[in-house]
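Asks: Here is what each chain is made of, one letter per residue.
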Amino acid sequence: MSGWLIRGARIAGGPPADIHIAGGAIAQTGAGPGAAAGAQVLDADGLVALPGLVDLHTHLREPGREDAETVETGTRAAALGGFTAVHAMANTEPVADTAGVVEQVWRLGNQAGYCDVRPVGAVTVGLGGTQLAELGAMADSAAGVRVFSDDGKCVADSLLMRRALEYVKAFDGVIAQHAQDPRLTEGAQLNEGEVSGRLGLAGWPAAAEEAVIARDCLLAAHVGSALHVCHVSTAGSVEIIRWAKSKGWRVTAEVTPHHLLLTDELAEGYDPVYKVNPPLRTQADVAGLRAGLADGTIDCVATDHAPHPVEAKETEWAAAAHGMTGLETALRVVQAAMVDTGLLDWAGVADRMSVRPARIGRLTGHGNPLVAGAPANLTLYDPGAPPEIVDPAAHASKSRNTPFAGMPLPGRVVATFLRGVPTVLDGKALDGKALDGKALDGKAAR
Amino acid sequence: MKRHLISAADLTRDDALLILDTAAELAGVAARPIKKLPTLRGRTVVNLFFEDSTRTRISFEAAAKRLSADVINFSAKGSSVAKGESLKDTALTLEAMGADAVVIRHSASGAAHRLAEWVRGSVVNAGDGTHEHPTQALLDAFTIRQRLARQGAVPDGRDVPHDLRDAGPDGRGAALDGVRVTIVGDVLHGRVARSNVLLLSTLGAEVTLVAPPTLLPFAVGSWPCSVGYDLDAELPKSDVVMMLRVQQERMTAAYFPTIREYRRRYGLDAGRMALLPGHAIVMHPGPMNRGMEIAADVADSPRSTVVDQVANGVTVRMAVLYLLLGGAEAAS
Ligand SMILES: [Zn+2]
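Heads up: the sequence lines are chains A and B, in that order.
The opening position of the first sequence corresponds to residue 330 in the working numbering, with each subsequent residue numbered one higher.
The opening position of the second sequence corresponds to residue 25 in the working numbering, with each subsequent residue numbered one higher.
One or more hints might be untrue.
Claimed, not checked - One-sided excerpt, in silico: chain A residues whose CB lies under 10 Å from chain B:
hint: 1; residue: Arg-527
hint: 2; residue: Gly-529
hint: 3; residue: Tyr-599
hint: 4; residue: Asp-600
hint: 5; residue: Glu-645
hint: 6; residue: Trp-646
Said to hold, decoys possible - Distance windows between CB atoms, simulated:
hint: 7; chain 1: B; residue 1: Ile-58; chain 2: A; residue 2: Gly-598; range: 40 to 48 Å
hint: 8; chain 1: A; residue 1: Arg-512; chain 2: B; residue 2: Gly-310; range: 49 to 57 Å
hint: 9; chain 1: B; residue 1: Thr-282; chain 2: A; residue 2: Gly-516; range: 21 to 29 Å
These are calculated hints, taken from the structure and not from any lab test.
Glycine is no exception: its CB is placed at the ideal position from the N, C-alpha and C atoms.
Using the sequences and the hints, build the whole thing.
Replies: Shown next as structure tokens:
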């Protein structure tokens, strides 16, 4: 029978060990016997093995904006970044607010075969913020939706938010909120602060995020539901979430790689590659976010991978689209911001980029410790690879809007395995066609 | 000097003085029967206006023509730009036409910045969104220097502005050290105030912003100026008071309650003007809302420099084009 023997990998940063993979699962770990007959051997000396990364926040753009990304190109980018599961955000065209659309996205993910695609369902019809979408139908569909979000827009109406939080309790759902008070951020372009004042760009005040998070925490507590806070971007938000967690409320949160590393000063040249929502904040916010991720107040890193075609960014700042790509650089950015700074060890990275996001997304097949019997979803990463300049042209994403372009980042994703089948080997994605079927063997995609 | 003029922050004190002194030199041209110099003959200046501003466009056009440059006016209205052509494509078109300088006015902050990345010619920012309008600041500085020097205005008992006292009738060679300038009105949405704070402070002036707190940018405390909310308290110590246009629409967005209240707290009428020292001047970048931020009798008073500002606008823009396009070499 076929299979893999991964030799000498440091599981979650631990001592070197061998990982035997057979039939889509981990057969054995540790200094065991040699390779099983027919097994391929991968020398992982010096590499860290992590459970396959899980992204709670990915914009795959299909259906509707295939010029920016497709499920296939986006999931290939995800695999190259070390991900084995991604949650596809609902702001497609049409919006993923029905069982039909979420099943379409889920099927496209299965066909591409690079990683498991978990569609996120819209909370309100057409992201319109006025009427609940058929959340139950999406939950019961083949896609088995558990995470619901109007991401890109905030569920601003307090009553509607309360109802949504309450309603999804019936199927163990979670509402992922894009926290942004719409009135406080009309026309907002950049973090409201010294830089926005100097550049004459309309400010996006931290309070517009924090106020919504505080309200939502109170609502979640009141109805006993699960709230997930998308892309936390301010130090103040971290404080509020820390307080809510101290009360024992069911609140989880994510932070993006770019908010862990970049600040609003990058907007000085008015290059819209740095335009994102919520906006890049200040150094003090970056410090607060890093501390929050380190102490677990922020549960996970989520990319908010938001591809855009060139013309959406090659424009004046105010006319440009919000968003940055992030799948292919996420782990390297986390190494730079969290590991190389001593804030998080590799076990911590495994927790924040796989275990906890899988738990929040109600994914049982992902985010499991790399022990015998677990699905063979894993990422091999070389943290010692010499820092390399990020080159957007080399990215598998269809879009080039990475804010890390031209920056040296440490590390390299060497290989990604999805249920025992490599999607990436030696840093290169394998042909999707070759993967078809194989990676789906253990089909229980959730 | 840099190749472009995008922000008043691009100018060192020496750059700014060079422009002002060159303008003083060129001011003589306006007085001649034939108001033309051959300096920029064969050079092309494009006026790229994405936003209506007849005053500014005419000023730049007159400046370029007096230097004998070829002028192309490119108005975005009704053109391919209105049909969705991007700023970048427009820039490439200008490149193909061989523009030596592009004067750009745009509703988006940073548009001039972006354009400068895409064209080889010099870019002059004629107003970008709520960011900057550096030639307005230059003409304001020129006007302040000219007026105060002409009046020989030195407030008694103050040791400033020395430079101006000694500079001669047109203020040539002098900076604005110690001149107290109070700028009043919508600083948040205005590009004039931002450029003026940068340039006037570079030239040594002491700038104070006065506005309702809602119309001041966040973190204005980090700007090289002071801030006050009480106009009556600032006027007696001002050498210059500059009134900014306040759009009535701001009221509906709750920046202030009513026009009447705004006028009462921040408008300059004759009674308030009497609080100014005798030598002080009143400025307005135009277009004025008479009866709103400035009363008609103030706008038309001898203290008002409004007409001078328009005339000086042409002269200062001549100086900017002359210096950016290497007029000195072209002339020799
Ligand atoms: Zn969002």
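Asks: Work down the list of hints and note, for each, if the structure agrees.
Replies: Going through the hints against the structure:
1. Arg-527: Arg-527(A) check passes; min Cβ-Cβ to chain B is 8 Å, inside 10 Å.
2. Gly-529: Hint on Gly-529(A): holds, closest Cβ of chain B at ~3 Å, below 10 Å.
3. Tyr-599: 3 Å, holds
4. Asp-600: With Cβ-Cβ at 8 Å, under 10 Å, it holds.
5. Glu-645: Glu-645(A) check passes; min Cβ-Cβ to chain B is 4 Å, inside 10 Å.
6. Trp-646: 5 Å, holds
7. Ile-58(B) <-> Gly-598(A): 40 to 48 Å: Roughly 43 Å apart at Cβ, these two residues keep to the hinted range, so it holds.
8. Arg-512(A) <-> Gly-310(B): 49 to 57 Å: Taking Cβ atoms as reference, Arg-512(A) and Gly-310(B) lie about 33 Å apart, which means the hint is violated.
9. Thr-282(B) <-> Gly-516(A): 21 to 29 Å: Holds - the Cβ-Cβ distance for Thr-282(B) and Gly-516(A), about 23 Å, lies within 21 to 29 Å.
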